[in-house]
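**Q** Using our numbering, you'd call the opening residue of the sequence shown number 1 and step up by one each time.
Incorrect hints may have been included.
Ranges between beta-carbon positions, derived for each pair [to be verified]: (1) D99 with G22: 38 to 48 Å; (2) T55 with T5: 31 to 41 Å; (3) G42 with T5: 18 to 28 Å; (4) T94 with E52: 19 to 29 Å; (5) S45 with R78: 32 to 42 Å; (6) A57 with A98: 31 to 41 Å; (7) Q50 with D99: 22 to 32 Å; (8) E52 with A106: 38 to 48 Å; (9) R48 with L10: 39 to 49 Å.
The set of hints was computed from the structure by calculation and includes no laboratory data. Cβ coordinates follow ideal geometry from the N, Cα and C atoms, glycine included.
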Amino acid sequence: MTDATPRHCLVLCTVPDHETGGRIARTLVEESLAACVNIQDGLTSVYRWQGEIQTDAEALLLIKSRLDRFDALARRLRALHPYELPEIIAVPITSGLADYLAWIDATLDTEDTT
Numbered sequence: 001m002t003d004a005t006p007r008h009c010l011v012l013c014t015v016p017d018h019e020t021g022g023r024i025a026r027t028l029v030e031e032s033l034a035a036c037v038n039i040q041d042g043l044t045s046v047y048r049w050q051g052e053i054q055t056d057a058e059a060l061l062l063i064k065s066r067l068d069r070f071d072a073l074a075r076r077l078r079a080l081h082p083y084e085l086p087e088i089i090a091v092p093i094t095s096g097l098a099d100y101l102a103w104i105d106a107t108l109d110t111e112d113t114t
């Protein structure tokens, strides 16, 4: 279950709503930049933006991909995202079910068929 050198990653990205998240998620999967994207509704984000404290309802995208796809994924995510400065954070997956990690690889190695 342990990946000696991490190859996979979980990318976290907040979006303003489920609809925006769904559009972004579908594009990332269609373009083989992500194997799977979960959309978690019901978040409240508190942050400082341009000197003011903001509180917003958001959704969180949990994007499963590979580290070798991260740069392309981040560029595409930034192009699709409505925020001026979107949260795009990659966390290396250091351990996981081997069959699931193999599924990520197989899914990302499949050419876009749409």
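**Q** Each hint: holds or not?
**A** Verification of the supplied hints:
Taking the beta carbon of each, D99 and G22 are about 27 Å apart, not inside 38 to 48 Å as hinted. The given range of 31 to 41 Å is respected by T55 and T5, whose C-beta atoms sit roughly 40 Å from each other. Restraint check, G42 to T5: a C-beta distance of roughly 35 Å breaks the suggested window 18 to 28 Å. About 37 Å separates the C-beta atoms of T94 and E52, a value inconsistent with the hinted range of 19 to 29 Å.
About 18 Å separates the C-beta atoms of S45 and R78, a value inconsistent with the hinted range of 32 to 42 Å. A hinted range of 31 to 41 Å for the beta carbons of A57 and A98 is consistent with their spacing of about 37 Å. Our hint of 22 to 32 Å for Q50 and D99 is violated, since their Cβ atoms are close to 46 Å apart. Checked against the hint of 38 to 48 Å, the C-beta distance between E52 and A106 comes to roughly 46 Å, which is consistent with it.
About 25 Å separates the C-beta atoms of R48 and L10, a value inconsistent with the hinted range of 39 to 49 Å.
Hint violations for this structure: numbers 1, 3, 4, 5, 7, 9, all remaining hints satisfied.
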